[in-house]
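Starting from the given sequences, assemble the full structure and let the hints guide the process.
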Amino acid sequence: MSTGMQTVPREAWHETFAGLVSDGFGYLDLLTAIDRGDEIEVLAQVVNPDGAELMRVSVRLPSDDPSLPTIADLFPAASWHEREVAEMFGVAFAGHPDPRPLLRRTSLGRPPLRTTTVLAARVAMPWPGAADPESAGKGARRRQLPPGVPAEWLSDGPR
Amino acid sequence: MSAVVHGVIALVPDACTSCMICVRECPTWCITVESHAEQVSEPGARRPRTVSVLDRFAIDFGLCMYCGICIDVCPFDALEWAPTIDHSSASRDGLVHDTERLSGWRMHE
Amino acid sequence: MSTLPDHLRVYRVAAEPGTRVIVASVGLACCAMEVESAVRLGLLRTDAGDAESAGRTILLVAGTVTDALAPAVNAILATLPPDTLVVSFGACAGTGGPYWDAPTVTKGIDQLAPVAQYIPGCPPRPDALVAGLLALTVEPSR
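Chains as they are written, first to last, in my numbering: chain A, 1 to 159; chain B, 1001 to 1109; chain C, 2001 to 2142.
Note that these hints are calculated values from the structure, not bench results.
Ideal Cβ positions, reconstructed from N, Cα and C, are used throughout, including at glycine.
All clues given are correct.
Partial chain B-side listing against chain A, Cβ under 7 Å, derived:
id : residue
1  : 1018
2  : 1023
3  : 1024
4  : 1029
5  : 1032
6  : 1035
7  : 1052
The structure is reproduced here in structure tokens:
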């Protein structure tokens, strides 16, 4: 199966998929998002079953204004994926036919899969790895941080 | 390498150097190591060496997900799988087992 | 006390037939596989009998209890006799386990009801299940 990849500006997102549909890419394989820091990348993969072709389309959105037109009118299957991305990454899909949250019953305030969203439990619980016996009595050589927990999350700042 | 029996994780206290690698690699933060530094003078050595002495090694089996990462990352083979299954408890705090209990679970002395 | 919901599985401990075990497998429960395995190994018996002949009733909660699922666990408890002992099976039910940092996961079913015995494991082995249940006999409720 041949695979194509393209990155498009957000203005071209919907028309790109409309064009792919008329080229025979009628099957939506996936639609998801990645937090790149300053940007949220939304990517979708469509398949042309006849030509055994696969096309991956990606768009970079500013993290403080991540909005995108829905493609649920072209691919009904995109509806749930867009609802999930909206809920988990805070991306607004304009024109979505059913914008209810897909999984969570109540809002937690911040999109949980954004790296800037603090996991309160990891903040409240002291990290047992912070103790540094090797530098006991000599002053800390270098600061130890728990893997996967950004320094800004730590309640009393970097230690 | 010890056989994986998915029972409990046992400790070889004499092999542990309190290096903290297991504590820092644990995904669920369930290991606690307390230690202090001591000066050891050896004959012929110009000055004393500083070594870490283990005071307490504890695993909270309420949080442990038995992934075995601590066993794999230990450079001194101080942790190993053991077949014990009787570590349930009537209290939440009773799921934290420390040095004595952990070392008593070893299959081979 | 209302009748037990149909979807709950009821067993007897083979080594102690007076103990009736009602299994509530909630959420993502790999622990459910270990409970089933205990049945296959003959450690739990399927001839549960009726509530009247049981010496005691245990509610075994296995799986990841989320805040959304917590009311379901409470609803099951409400149908059981008041002297039912709650046993937590596995890391998730006990403390939230690998998901202790997730904002949607209940950090232990002791936030819902007092727990008589915590069986640790991720998941616990079938023989650990029976060892934990029998430990309740040696040291009856807290």
